[in-house]
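Under full-length UniProt numbering, the residues of the sequence shown are numbered 1 to 249, in order.
These aren't lab readings, by the way, just hints derived from the structure by calculation. Here the structure is a predicted model, which is why all the values come from computation and not from measurement. You may find that some hints are simply not true.
Label pairs and their computed distance ranges (CB to CB) [claimed, not checked]:
| id | residue 1 | residue 2 | range |
| --- | --- | --- | --- |
| 1 | A57 | R149 | 21 to 31 Å |
| 2 | T79 | E150 | 27 to 37 Å |
| 3 | G112 | R143 | 35 to 45 Å |
| 4 | D69 | A182 | 17 to 27 Å |
| 5 | W135 | E220 | 21 to 31 Å |
| 6 | R149 | L120 | 39 to 49 Å |
| 7 | V116 | G96 | 45 to 55 Å |
Cβ atoms here follow ideal geometry from the backbone N, Cα and C, with glycine treated the same way.
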Amino acid sequence: MPTSRLRVRVAGHSTGMSAPNDARVVLVTGGGRGLGPEIARQLVEAGHVVVVGARDAQAAAATAKELGDLAWPLALDVTDPESVQAAVEAIDRRHGRLDALVNNAAVNFDAGADPVTEDLEIVDGAWRTNVLAPWRLTQACARLLRAGREPVVVNVTSGLGSLTRMGATSPAYSVSKAGINALTRVFADALTRDGIAVHAVSPGWTATDMGGSGGRPVAEGAVGIVDVVRSPGSWPSGSFLQDGEHVPW
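With the hints as extra help, turn the sequences into a complete structure.
The following block contains the structure:
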């Protein structure tokens, strides 16, 4: 008996490429650079359909083109409510569901800053992108996630957001990542009724534009995120993870 297939649609037209019916439909934000393209690549290699979301439409298109027919680009500014709504409507038209939301888009403005003298405009920018934007997008995607299979929200966080380990390093970024960790717990509790898992996952210090060249390879950092997308029920909803292991809050 032939395997049923999931038709992939790009820009309103079928690509002619079909994926196995057990393929997950995944939105990855911040998909134009840094960790995002690697998360998308590993998911596509595993046979999943990836919506590459990025504020820079050309960067999203370049990533999707490189990944092939199982990926399609989506212009998405996570800080703009109208852009978020348009993105959700586009995913709904093409797939009618969302199995995983990876809130990966983030900013780090303040490496080496002193919290005593920190410019609060920088703090505000970090909070808007790293906390309020994932909150907004999770709200907007909730209906599509309810229609998904083993739905999960993965909030990409950092060990700098651990209250147990926190110091004065990168204060705006650290506080914002503590915020997304708290957001993870809040949504994990709220979405339990809908069968939607929510996890915070740290890639560790990775060699990206944000992390600098001293970190581990991006491919290693992405693995733990991809594993949670593929098997969200392997950990209790509301977990804070790195490489599949629990991180202290």
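Right, here's what the structure says about each hint:
no. : hint                    : verdict
1   : A57 x R149: 21 to 31 Å  : holds, 29 Å
2   : T79 x E150: 27 to 37 Å  : holds, 29 Å
3   : G112 x R143: 35 to 45 Å : holds, 42 Å
4   : D69 x A182: 17 to 27 Å  : violated, 38 Å
5   : W135 x E220: 21 to 31 Å : holds, 28 Å
6   : R149 x L120: 39 to 49 Å : holds, 43 Å
7   : V116 x G96: 45 to 55 Å  : holds, 51 Å
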